[in-house]
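Asks: Protein chains in written order, with the numbering used here: chain Y, 1 to 176; chain E, 177 to 434.
Below are the DSSO-like pairs computed for lysine-lysine, each with C-alpha atoms no more than 30 Å apart in a straight line: (1) K402/E / K431/E; (2) K431/E / K333/E; (3) K76/Y / K312/E; (4) K6/Y / K431/E; (5) K6/Y / K386/E; (6) K402/E / K386/E; (7) K6/Y / K402/E; (8) K257/E / K312/E; (9) K6/Y / K409/E.
Some chain E residues judged to face chain Y by a derived CB distance under 7 Å, without partners named: (10) V276; (11) K416; (12) L419; (13) R427; (14) L430.
Think of the hints as simulated: they come from the structure by calculation, not from any bench. C-beta atoms are modelled at their ideal positions from N, C-alpha and C, and glycine is treated no differently.
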Amino acid sequence: MRSNMKCEEVRETLPDLAAGLMEPSDGMREHLQACALCGAQLQEFRQTMALLDEWEAPEPSPYFDTRLQARLRQEKAVEAARGHGWLAWLPRPALAMAAALAVAAGVAVWQHHASGTVAENGARVMRGVVQTPSAERGTAVSDLQTLDKDNDLYADFDVLDDIDSQQNSATATATN
Amino acid sequence: MTSDKSTIRPATGEGTTDASTRRTVPPSAEAQLSSPGRVGTGVSSIALHAGFGAGLEAPPGTVALGAVEADGDVEVMLRVKAGDEDAFGYLLQKYRRAMVHFMFRTTRTQAAAEDLAQEVFLRVYRSRQSYEASAKFTTWLYRIATNLAINHARDTKNERPENTVSVDAKNEETGQSFDLADGALTAEQHLVRRERLMAIRAKVLGLPEKQRTAVLMHKYQGLDYKQIAEVLKLSESATKSLLFRAYETLREQLKEFV
Numbered sequence: 001m002r003s004n005m006k007c008e009e010v011r012e013t014l015p016d017l018a019a020g021l022m023e024p025s026d027g028m029r030e031h032l033q034a035c036a037l038c039g040a041q042l043q044e045f046r047q048t049m050a051l052l053d054e055w056e057a058p059e060p061s062p063y064f065d066t067r068l069q070a071r072l073r074q075e076k077a078v079e080a081a082r083g084h085g086w087l088a089w090l091p092r093p094a095l096a097m098a099a100a101l102a103v104a105a106g107v108a109v110w111q112h113h114a115s116g117t118v119a120e121n122g123a124r125v126m127r128g129v130v131q132t133p134s135a136e137r138g139t140a141v142s143d144l145q146t147l148d149k150d151n152d153l154y155a156d157f158d159v160l161d162d163i164d165s166q167q168n169s170a171t172a173t174a175t176n
Numbered sequence: 177m178t179s180d181k182s183t184i185r186p187a188t189g190e191g192t193t194d195a196s197t198r199r200t201v202p203p204s205a206e207a208q209l210s211s212p213g214r215v216g217t218g219v220s221s222i223a224l225h226a227g228f229g230a231g232l233e234a235p236p237g238t239v240a241l242g243a244v245e246a247d248g249d250v251e252v253m254l255r256v257k258a259g260d261e262d263a264f265g266y267l268l269q270k271y272r273r274a275m276v277h278f279m280f281r282t283t284r285t286q287a288a289a290e291d292l293a294q295e296v297f298l299r300v301y302r303s304r305q306s307y308e309a310s311a312k313f314t315t316w317l318y319r320i321a322t323n324l325a326i327n328h329a330r331d332t333k334n335e336r337p338e339n340t341v342s343v344d345a346k347n348e349e350t351g352q353s354f355d356l357a358d359g360a361l362t363a364e365q366h367l368v369r370r371e372r373l374m375a376i377r378a379k380v381l382g383l384p385e386k387q388r389t390a391v392l393m394h395k396y397q398g399l400d401y402k403q404i405a406e407v408l409k410l411s412e413s414a415t416k417s418l419l420f421r422a423y424e425t426l427r428e429q430l431k432e433f434v
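Produce the entire structure from the sequences given, and follow the hints as far as they go.
Replies: What follows is the structure in structure tokens.
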């Protein structure tokens with residue numbers, strides 16, 4: 001007598017049944033009792049599973065955690081060195097693109113500024129308003145420039161003195 | 177660190193045990209705790225080992241994180257994404273054993289297994305900013321682990337003479353050997369056991385790539401068909417069929433040891 005379940009349906013569950021991962025349903029149980037082939041196959045699968053159980057794996061060694069912690073610290077140091085901070089959310093290609101754009105923009109601004117200065121200077125020369133740049137204090141040029149200014153000042157004093165003396169002599173003449 | 181943390185409490189200790197000891201758990205029990213072999217998909221509350229090292233240190237005692245629902249690891253991972261390193265420490269403690277076991281069965285030595293398991297967690301940490309809660313955390317974790325394991329297997333294919341691996345070679349640090357020897361065995365029984373273990377390992381690792389990975393996840397890690405299907409990017413029915421073929425092959429090739 002065979003149950004309503006087909007052999008294929010039962011067979012695909014044999015690994016789980018043999019490994020004890022599932023309990024057979026009533027239909028499966030009925031089929032396994034009725035079908036000698038499936039029943040025998042389940043029994044053989046169980047023996048194979050029991051054999052496979054013999055292959056045990058050792059516990060992690062006492063050094064496992066220590067080594068992993070060391071590798072994690074190294075990983076964190078690499079991340080920190082990479083600047084894993086406020087830009088971390090950016091994917092690396094985007095970060096590279098942003099950096100390239102920033103450099104390009106900086107260069108463009110600098111070039112624009114430089115060319116603007118040259119043009120401005122050219123215009124000033126054309127207008128003849130180029131001013132002598134003032135020399136740094138304490139240099140020979142600066143001293144000479146100061147002397148020039150002093151001479152002008154002294155000349156002004158001389159003029160004032162002349163006016164004063166002229167006025168004095170005029171007053172004296174009038175009194176006489 | 178987030179400030180709105182509630183308490184992380186113990187559930188199952190480390191999130192997984194070897195699935196070889198796993199058995200069906202009644203639904204009522206599953207609602208409360210992960211089954212022993214399941215990798216923590218059903219925790220109602222969780223615990224963090226306090227003081228998990230520099231950078232991941234938890235405050236004394238337990239760390240607040242809150243009652244976590246059925247697929248709480250997604251929430252925990254979202255906290256990692258937000259910068260909560262205690263949450264990362266929790267995931268690490270929960271899955272470290274599962275990852276070492278998974279990797280152990282794909283590599284030759286425990287040292288290599290631990291190195292690869294650490295790499296899995298480093299990749300989780302590196303990818304935290306791009307993490308999307310579109311699938312179970314375990315699916316994402318095992319996808320990372322599977323990719324690493326497969327690449328490692330391909331890279332070391334020529335270095336893996338399956339039949340010359342010494343099951344007696346002890347790990348320098350742990351003193352454990354591939355054959356976790358039973359002291360009660362006689363010398364002859366020990367030899368038979370060694371031969372059997374060599375055969376099991378060779379036959380499992382000799383399976384085609386996807387079948388091998390599916391068996392490791394199903395038999396030893398306790399993932400269900402749906403999760404395995406998601407990790408391997410297959411349909412559920414294709415995964416069932418894949419696993420059936422793999423176990424059929426193992427049954428046939430290992431029957432002399434049964």
